[in-house]
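Novice: As a plain string of letters, each chain reads:
Number of protein chains: 2
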Amino acid sequence: MRIVRAPEELRAACDSARAQGSRVAVVPTMGALHKGHATLVEEAARRASTVVVTIFVNPTQFGPNEDFAKYPRTLDADVEMAGAAGATMVFAPAVDAMYPAGDETRVRVGKTALALCGEHRPTHFEGVTTIVAKLFSLVGPSVACFGRKDYQQLRVITRMATDLFLPIEIVPVRTVREADGLALSSRNRYLREPDRTRAAAIPRGLTAAARSFAAGERSASALEAACRSIIEPSVDSIDYITVANADNVEPFAKDAHVPDRALLAVAVRVAGTRLIDNVVLGEEPAPLERAGEGAA
Amino acid sequence: MRIVRAPEELRAACDSARAQGSRVAVVPTMGALHKGHATLVEEAARRASTVVVTIFVNPTQFGPNEDFAKYPRTLDADVEMAGAAGATMVFAPAVDAMYPAGDETRVRVGKTALALCGEHRPTHFEGVTTIVAKLFSLVGPSVACFGRKDYQQLRVITRMATDLFLPIEIVPVRTVREADGLALSSRNRYLREPDRTRAAAIPRGLTAAARSFAAGERSASALEAACRSIIEPSVDSIDYITVANADNVEPFAKDAHVPDRALLAVAVRVAGTRLIDNVVLGEEPAPLERAGEGAA
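Chains A and B, in that order, are what the protein sequence lines are. For what it's worth, this note's numbering labels the leading residue of the first sequence as 1, then goes sequentially. For what it's worth, this note's numbering labels the leading residue of the second sequence as 1, then goes sequentially.
No wet-lab data here; the hints were simulated from the structure. The beta-carbon is built from N, C-alpha and C at its ideal position, and this holds for glycine as well. A hint or two may mislead.
What the simulated footprint calls covered on chain B by chain A, stretch by stretch (three residues with Cβ under 8 Å from a Cβ of chain A suffice, anywhere in the stretch; the number is not a length) [stated by the list, open to error]:
1. 102-116
2. 164-172
To list a few chain A residues with every Cβ distance to chain B over 10 Å, as calculated [claimed, not checked]:
3. R2
4. A13
5. Q20
6. R47
7. D67
8. V79
9. G83
10. S142
11. E169
12. V171
13. R211
14. A225
15. A253
16. D260
Here are some chain B residues the structure puts well away from chain A; computed CB gaps all over 12 Å [what the hints assert, rightly or not]:
17. I3
18. S22
19. M30
20. E42
21. D67
22. V95
23. N188
24. Y190
25. A208
26. R228
27. A271
28. G272
29. L288
30. R290
Please work from the sequences and hints to get the whole structure.
Specialist: Okay, structure coming up:
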């Protein structure tokens, strides 16, 4: 397992791998790796012989009052987990290597980045697309794996790749869940009991709505209400519980008839920690039907 | 000479050229080619065996009241001139090939794009960087040639390439001038006499300031005044006449002591046509000393 710190060393290593006929995949992460990340790396390793896991807590995707400073940094454990999952290289640059003095370029996606999390974290996705564009440029991957847990991020990055003609297949990878259905997230480390148990209302709410959808419910407001009625009593606040177009994440009107394959996305706060989750109605099993499948 | 219309055909042709060991250069243009463009293509042909000239009147870099609709379109003549100068491929896509339905990604450079033309054309450089990022992605060039006549554009694109870690050498190419010093520009076609003759005050003004600089003048306001006193009587309005940092185009304060290698940049309007020009003081000869060198 090779650990690379310098951007130009990463580029040289990836150029060299490609020159030797290797297909290159990248898995961009902020570290604090868990089994969800491992699943991304395993998927990448099925698709490419050179698998680069990037570990970089990206300052530009955090708002001024968010958790950049306290975000967990666990590089040694991350390197071990990435290697065990099939990574051939870890790229862990310093902040000023990715944003040197004078840096002033930003990549921004429009409508897909504006709703849902974009409304609550107005600068977030521009930070994400900018760092991912930089990483794509250094790695030159054929494949990049992103988790479905961060569903809007997945759609924003897919949009960027399409619009900028990047020759990269963006691969969505299923969400890994704890035994009680909670989606794995690096931010779950912030939760102590009884908050951790309260957070399990999120997958229960999503599951209630998914079952209602499966039983024929097609009203956006009824699906959102089915989810909200379970989540609301357990969490401290709700940023959104919204049924939206699964491609561009545009919310449906409350009186809309929801088509097959619609996104139900949730963002809530529990004891100061912001948690997100989602299910694509009519496309994937409800969260509780996948609970505990891949978690340690 | 191959003429390509479809983005994916361009990518395949460039991939294939690289696979055969060819170095690839790109010269992005909006067509209406003149000897200034030919000089860019000749420079590209000295540096690469595959030379792609792109011809695309890019709507996103025009403001709502600018000349997008009337911008000259002369594809047959352009193809001939590009080929004569050493191009091996012309890419001339339709607007909806470069901006398909659903397109919503933009690339934006910060400070370098804000002063000078950025103040007067607030959406211009975002359009430029977005289309150039798309073209770079399709072509995958080692080298890209841009004219020094559009000096701020050159710096903005260099900034973008640096910040996004694009492995592309951005090559600045000297401005080609008519016998009276007027910088070649596709927009010169808009000028009729006596407006065309009036426009020659621009290189005379730049030359006066460059000679004053060569004689030891280092006051920003005195250099600007030397330029303005010659240009102002001949043009209809002045957007700016400004001495600025030659790297990030940040204007110097009026009372600043101007260092060697400073940009003096001009934007004016003559009979409804916006014209720009510049000289880098202490780095290149004054415009009148290069007049007529390369023009037909």
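Novice: Hints first: check each against the structure and report whether it holds.
Specialist: Results of checking the hints against the structure:
1. 102-116: With 11 residues closer than 8 Å to chain A, the segment 102-116 of chain B meets the three-residue bar; holds.
2. 164-172: holds (count 4)
3. R2: Given a closest Cβ separation of 19 Å, the condition holds.
4. A13: Check passes; 14 Å lies beyond 10 Å.
5. Q20: 15 Å, holds
6. R47: 19 Å, holds
7. D67: 25 Å, holds
8. V79: 23 Å, holds
9. G83: 25 Å, holds
10. S142: 12 Å, holds
11. E169: 14 Å, holds
12. V171: Since the minimum Cβ distance to chain B is about 19 Å, V171/A lies beyond 10 Å and the statement holds.
13. R211: 32 Å, holds
14. A225: 31 Å, holds
15. A253: The claim stands: A253/A keeps its Cβ more than 10 Å from every Cβ of chain B (closest is about 20 Å).
16. D260: With a cut-off of 10 Å, D260/A remains clear of chain B, as the shortest Cβ separation is near 20 Å.
17. I3: Non-interface label stands for I3/B: nearest chain A Cβ at 19 Å, farther than 12 Å.
18. S22: Holds, since 15 Å exceeds 12 Å.
19. M30: 19 Å, holds
20. E42: 27 Å, holds
21. D67: 25 Å, holds
22. V95: 14 Å, holds
23. N188: 31 Å, holds
24. Y190: 32 Å, holds
25. A208: Per Cβ check, A208/B is outside 12 Å of chain A; nearest 33 Å; holds.
26. R228: At roughly 30 Å from the nearest Cβ of chain A, R228/B sits farther out than 12 Å, so the non-interface label holds.
27. A271: 36 Å, holds
28. G272: 33 Å, holds
29. L288: Given a closest Cβ separation of 34 Å, the condition holds.
30. R290: Nearest chain A Cβ is 30 Å from R290/B, so the label holds.
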